[in-house]
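Participant: Kindly generate the complete structure, drawing on both the sequences and the hints.
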Amino acid sequence: VETTAGSIKCDQLIIGAGPWINSLWNMLGLPKQISVKGRDGTTHDGIPMWHYMALQEGTLGVDPDYQKTNDGAMPPVIHVDTDAPLHSDRDGKLITDKLWGIYYKPDFNFGGVQGGAMPATVETPADEVHVDPYGPKSPEFVVTDNFADMWTSALAFCQKRFEGKSGVYKKEPSGGIGCFTPDSFPVFDRFRQNVYVIADSNHGYKMIGVGKLVADDLLGEPSALLEPFRFSRYATGKLHPVSNSPFPWS
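To convert, take the position in the sequence shown, counting from 1, and add 1; that gives the working numbering.
In case anyone wonders, no lab produced these hints; they're calculated from the structure. As the structure is a computational prediction, the values presented were derived from the model and not from experiment. Treat each hint with caution, since some may be false.
[Stated by the list, open to error] Taking lysine to aspartate or glutamate and the EDC-like style, the derived pairs with C-alpha atoms no more than 20 Å apart in a straight line are: (1) 213 / 228; (2) 166 / 146; (3) 239 / 184; (4) 99 / 82; (5) 33 / 124; (6) 213 / 190; (7) 161 / 173; (8) 161 / 82; (9) 171 / 150; (10) 99 / 173; (11) 166 / 108; (12) 94 / 164; (13) 172 / 141; (14) 171 / 92; (15) 33 / 128; (16) 106 / 72; (17) 69 / 164; (18) 138 / 173; (19) 106 / 141.
Facilitator: Below is the structure:
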């Protein structure tokens with residue numbers, strides 16, 4: 002492996018690069034477009050292997066303890082999907098009458114109740130997307146006031162304690178982008194003989210146990226748990242179910 006710090010010899014190379022996977026995929030000379038066999042047996046050609054979505058996240062500036070359980074314990078991450086009409090908590094105007102969803106939790110690192118909503122599609126082709134600078138430092142991929150109104154209104158919809166709290170939303174850069182596969186599910190597979198790709202497709206915390214499975218796979222002990230995530234599923238039509246959620250990773 003040739004790096005800016007010199008060359009590194011290795012028997013196996015493992016790539017777990019999150020939103021930077023597209024550039025490394027290109028370095029390996031792997032296809033930018035693929036054929037995907039649908040459930041009806043029809044093969045769809047020219048499908049982009051990677052596309053980006055902008056993550057919509059922010060923080061409500063309330064005491065994180067405000068969202069603890071009645072006995073003072075940390076609550077689970079709350080995730081709500083619904084098609085109920087959502088009206089602005091600021092002025093009562095209709096925001097959407099279509100399917101929407103949010104997630105949120107108290108976060109002492111962010112200093113409030115932190116969470117997000119459905120990601121926004123990045124229309125720019127993957128090779129033209131500027132991943133760096135990433136996150137809040139990006140001049141392109143940070144949330145807008147439209148997100149702030151939607152998310153704080155959704156919080157108020159979900160729990161009465163958040164009604165009238167839109168004014169304490171932290172107006173600061175937040176968000177980022179994720180790199181997604183054609184079916185928005187991860188790819189765990191070997192390429193070019195000795196390169197193992199862990200492409201999480203923005204599934205984040207769900208990846209905690211994958212390291213152990215990949216290590217076993219590399220040592221010749223493959224797990225059936227990884228089989229549904231092989232790259233070959235696109236050609237064979239063994240695709241994952243299409244989510245009924247507004248979130249592509251649900």
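Participant: Decide, hint by hint, whether the structure agrees.
Facilitator: Now for the hints, and whether the structure bears them out:
no.	hint	in the structure
1	213 / 228	holds (15 Å)
2	166 / 146	holds (15 Å)
3	239 / 184	holds (11 Å)
4	99 / 82	holds (11 Å)
5	33 / 124	holds (16 Å)
6	213 / 190	holds (14 Å)
7	161 / 173	violated (25 Å)
8	161 / 82	holds (17 Å)
9	171 / 150	holds (12 Å)
10	99 / 173	violated (28 Å)
11	166 / 108	holds (17 Å)
12	94 / 164	holds (15 Å)
13	172 / 141	holds (16 Å)
14	171 / 92	holds (19 Å)
15	33 / 128	holds (9 Å)
16	106 / 72	holds (16 Å)
17	69 / 164	holds (17 Å)
18	138 / 173	holds (11 Å)
19	106 / 141	violated (26 Å)
Of the hints listed earlier, those the structure fails to meet are numbers 7, 10, 19, in rising order.
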